[in-house]
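J.: Protein sequences appear in the order of chains A and B.
Just so you know, we're using the numbering used here here: the first sequence kicks off at 21 and counts up by one.
Just so you know, we're using the numbering used here here: the second sequence kicks off at 21 and counts up by one.
Careful, some of the hints might be misleading.
Because identical chains cannot be distinguished in the list, a pair is counted as satisfied if it fits within a single copy or across any two copies.
Stated by the list, open to error - Using 30 Å as the maximum straight-line C-alpha spacing, the simulated DSS-like pairs for lysine-lysine come out as follows: (1) Lys48 x Lys224; (2) Lys74 x Lys48; (3) Lys146 x Lys80; (4) Lys48 x Lys80.
What the hints contain is simulated information worked out from the structure, not anything from laboratory work.
Predicted model only: the values in this text are computed from it and were never measured.
2 protein chains.
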Amino acid sequence: MVTEQQFSSLLLEEAVTQLSRLPGVGRKTALRLALHLLRQEPSVAQALGNSIIKLREGIKYCKVCHNISEEDVCPICASPLRDGSTVCVVENVKDVMSFENTGQYRGLYHVLGGLISPVDGIGPDKLQIDSLVERVKQGAVKEVILALSATMEGDTTNFYIYRKLEGLPVKITQLARGVSVGNEIEYTDEITLGRSLVNRTLFKDSFGKG
Amino acid sequence: MVTEQQFSSLLLEEAVTQLSRLPGVGRKTALRLALHLLRQEPSVAQALGNSIIKLREGIKYCKVCHNISEEDVCPICASPLRDGSTVCVVENVKDVMSFENTGQYRGLYHVLGGLISPVDGIGPDKLQIDSLVERVKQGAVKEVILALSATMEGDTTNFYIYRKLEGLPVKITQLARGVSVGNEIEYTDEITLGRSLVNRTLFKDSFGKG
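Input sequences plus hints: build the corresponding full structure.
T.: Written as structure tokens, this is what we have:
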């Protein structure tokens, strides 16, 4: 039985309501967080509140790879130390972090912003696929690594991108299926991720196999 | 194995650091929350950030009962509908909400701000006990209900307050021991809390029993 808490303060009510809009935070947890903040120095709540506001106001998306960035071009795309001939296509910003944490990749990224999923109403036009094709057409990219989750949505998106890039002078590879089928990138350990990068295979070789 | 995430943005780094200072929020959860906020409309982060800052800045403590309040005197103490002759002594602000939710109490509260706990360095001088004695000495209070957790710290605090109030013309009661011994008020269901209020007993009657 969940009862609505009766708050003695509208400010507390508002803070609890706002906190409980976060994913995985119910009203009970939100109340606990709010009361915790009330017990701390005022500077703690101030710093938290400001960091949340600045985060949303200050963060842009890299116009090359669509990763989050504070500049027009993100530090990875701007770095002269990265290999501009290789582009790793990932679903989201978190996946970029996961691959960066493997320490095994020196190329660039392309963040799709999701996967094709007709059930959720996400078509190819809602993803950064056209900009990927444009990027490849500019000629500097020699290899596109498809690094999407080994799910139905990931496979669908892989195939869609493959069709779009087919015929362009670029090698299309995908992660070695060291990633367990059915699992999401986000929950895969970094050793497996690193190995799946090293063993990436030609996308067309995967047709007609088991 | 926990690895430090490598962030492409200092703003994201800062938001994750601040969010992970909340109780029960690790860096992984903090990152998830931050990325969630990035996916929402800017107004969502704005509202959350502002509510947190305003919460800490705007909330005062009632100068009568020490409950949180936006005014000098909280709505409960200020209400003409409440019975000013009964004062329920509770550990913290959350316990006030729990008792309010039982719908069985029309008196006032007194929030101690903690329990006596020598192990944690909390002596009676750090709690709102002197102000409770002052309140009783003013004469309007006819009954003090001790509504602290049924733990060693709660029992110690109950007894300390009883000694301080002994001799004053006030009835001192405690919650019926319907509250399971060893449990905290915060985790007790509201039906049990309501019953324990109705069946409260004279504090001195508990000596030499059990």
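J.: Could you place lysine 146 and lysine 80 in one of the four classes (within, between, both, neither) given a Cα distance threshold of 30 Å?
T.: within (18 Å within a copy, 48 Å between copies)
J.: Is it within a copy, between copies, both, or neither that the alpha carbon of lysine 48 lies no farther than 30 Å from that of lysine 80?
T.: Answer is between; shortest inter-copy Cα gap is 22 Å, intra-copy 33 Å.
J.: Quick one: lysine 48 to lysine 224, C-alpha cut-off 30 Å, is that within a copy, between copies, both, or neither?
T.: Classified as neither; 51 Å inside a copy, 36 Å across copies.
J.: Up to 30 Å between alpha-carbons, please classify lysine 74 paired with lysine 48: within, between, both or neither.
T.: Close inside one copy (27 Å) and across copies (20 Å); limit 30 Å.
Going through the hint list in order, the structure does not satisfy hint 1, though it satisfies all others.
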